[in-house]
Amino acid sequence: MSEKKLLATRAGYGQGLLDTGALHDDLVVLEGDLGAATGTTAFGKAYPDRYIEAGIAEQNEVGMASGLAAAGWKPFVTSFAIFTAGRACEIVRNAIAYNNMNVKLIGSHCGITPALDGGSHMCIEDIAWMKAIPGMVVLNPCDYNQTRLMVKKLYEYDGYAYMRTSREPVQCVTSMDDEIVIGKAQVLREGQDLTIAATGIMTTFVMEVAERLAEEGIECNVLNYHTIKPFDEETLIKYVRETGNLLTVEEHNIYGGFTESCRAALFTKADNIRTDYVAVEDRFGETGTRLSLYPIFGLDNETIYNKAKNLLNKE
Amino acid sequence: MDIIISEWKKLAKKIRIDILKMTSEANSGHPGGSLSCVEIIITLFEHEMNLGKGSDDPDRDRFVFSKGHAVPAQYGYMLEKGILDPEEIHTFRKQGSRLQGHPVKGRTPFTDFNPGSLGQGVSAATGMALGYKMKQSPQKVYVLIGDGESDEGIVWEAASAACHYKLDNLTYIVDMNAVQLDGATKDIMNLGDLHKRYEAIGFLVDEINGHSFEELLEAFSHHEEGKPHVILAHTIKGKGVSYMEGNYAWHGKAPNAEQLEIAIKELEEA
Chain A
2 MSEKKLLATR AGYGQGLLDT GALHDDLVVL EGDLGAATGT TAFGKAYPDR
52 YIEAGIAEQN EVGMASGLAA AGWKPFVTSF AIFTAGRACE IVRNAIAYNN
102 MNVKLIGSHC GITPALDGGS HMCIEDIAWM KAIPGMVVLN PCDYNQTRLM
152 VKKLYEYDGY AYMRTSREPV QCVTSMDDEI VIGKAQVLRE GQDLTIAATG
202 IMTTFVMEVA ERLAEEGIEC NVLNYHTIKP FDEETLIKYV RETGNLLTVE
252 EHNIYGGFTE SCRAALFTKA DNIRTDYVAV EDRFGETGTR LSLYPIFGLD
302 NETIYNKAKN LLNKE
Chain B
316 MDIIISEWKK LAKKIRIDIL KMTSEANSGH PGGSLSCVEI IITLFEHEMN
366 LGKGSDDPDR DRFVFSKGHA VPAQYGYMLE KGILDPEEIH TFRKQGSRLQ
416 GHPVKGRTPF TDFNPGSLGQ GVSAATGMAL GYKMKQSPQK VYVLIGDGES
466 DEGIVWEAAS AACHYKLDNL TYIVDMNAVQ LDGATKDIMN LGDLHKRYEA
516 IGFLVDEING HSFEELLEAF SHHEEGKPHV ILAHTIKGKG VSYMEGNYAW
566 HGKAPNAEQL EIAIKELEEA
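From first to last, the protein sequence lines stand for chains A and B. Okay, so the first sequence: first residue is 2 according to my numbering, each after it adds one. Okay, so the second sequence: first residue is 316 according to my numbering, each after it adds one.
Looking at chain A on its own, in the form it has when it is part of the complex:
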């Protein structure tokens, strides 16, 4: 894998804005003085008249997007996840969702991989905050290609939605030729032994683990949940019924995250499924790199591998 080029999903978002923005002159981007970090600067240079700097004022950034949508624009609001989904959470709830505005909210630097900024910037709650809002679509694409494609899907989707992106460069496990559908999990690998459902960049690490397991003769289903809400119960239930087990993998707090969405589906739709999860165990992030932090937080490939093996050994 190491020879492959690593790219961040935030960069895929920036490129996706250029792709889709070139075709639709009603697409506008709002930025909160983080363009160089979130990936929107290139759009701003290409389309300065459709790039709205809101300053370091995320609440008003979101509120103005509601008004811009009312005036007929299609806004993409961009900041760090901790600010878009966190600081402006109630503005998102009332000015966007309760007002039913066609606004796309982007939270970059999700999870515990905003590198050295530390816990204040590491958003492990955004999925919980956003999925609790009625009607909110919550997206968490896994790699550069998928994020780039998702911008087009977001533009075409007539409603409000939140997408999280990451700062961490990862390998691409999907192709620009893939057909992605909002609300439908993507099956990246199929196997009879174990089902792993992952979301966001964790999917790319799960693919590495699945390859290692395959070398040992263990074949996995890898379900890529680029959409967390609406939740695709059908795909999950189909695969867990086949393997009888499920490992969920996410870079989010265990409370309110993707694992809880899977649990809710199993609660009503499937019995006797052996399960485990990889997620942040209700603690804040801290300064460090992915390679140094992931083992401490139990998000590293070794943990994913061990939990996968452990699920199988229970048989």
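Don't read these hints as lab results, they were simulated from the structure. It should be emphasised that the depicted structure is a prediction, and the values quoted were computed from it without experimental measurement. Fair warning: there could be bad hints in the mix.
Taking lysine-lysine and the BS3-like style, the derived pairs with C-alpha atoms no more than 30 Å apart in a straight line are [said to hold, decoys possible]:
id	chain 1	residue 1	chain 2	residue 2
1	A	153	B	420
2	B	420	A	46
3	B	448	A	46
We have chain A; now place chain B onto it with these hints.
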């Protein structure tokens, strides 16, 4: 203009009675801040705003009732003008009614934003004005703000953006009734001199008596290219009802039948 103003004064009286009747029947609502903004609503709807072919006209001016709890003033106006059915006055704040506690788009006419969470209407109105400016549309945006509401930080974030983007198609009207839910605005959170604050940010500022149609008309006639406009309209909370005037207890309390009778009598005899 005199003739119009005398008619508007009669209209204001009827709207005030409607406000009292609907809150009393609902045994819920915010009479104090509704009564304070009646002249502002009348001047906006009767004169200042271009309402085009009506509420559904996409090219009309936009109105955001950011201090949305005072919407009985707008409901009262629409009841009196036949925009709403007179019988609907009995449905205010009742389940299934389109006269929601805070106005909702698509339910009531001339509702361009669902307010309720204070400050957010100011931000959305500012975004609307920016959006129309970017489209080179002549549409104007008006937003009615409370002075208590001005405690919210987002109001000042929006105000900065309004000046930064030179939104001269945008007018903030602040209903300066000087009272909020728990007491006098200067005691709850003293915001200092709003005139100087708005001037410092870069607004065209007018400071007037918000119950004077003449002063409202004069203020609305002002315009400066490249600057958003704010009208600081000094008003009386609970205006027209002696026992409500200036009394914070009537911010969010409805009059009972007896109190209603006294209030209506006072308004009719004034």
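Evaluation of the provided hints:
Annotation: proposed proximity of residue 153 of chain A to residue 420 of chain B holds, straight-line Cα distance about 29 Å (limit 30 Å). At roughly 36 Å between alpha-carbon atoms, residue 420 of chain B and residue 46 of chain A are farther apart than 30 Å, so this suggested pair is violated. Under the criterion of a C-alpha separation no larger than 30 Å, the hint pairing residue 448 of chain B with residue 46 of chain A is consistent with the structure, at around 20 Å.
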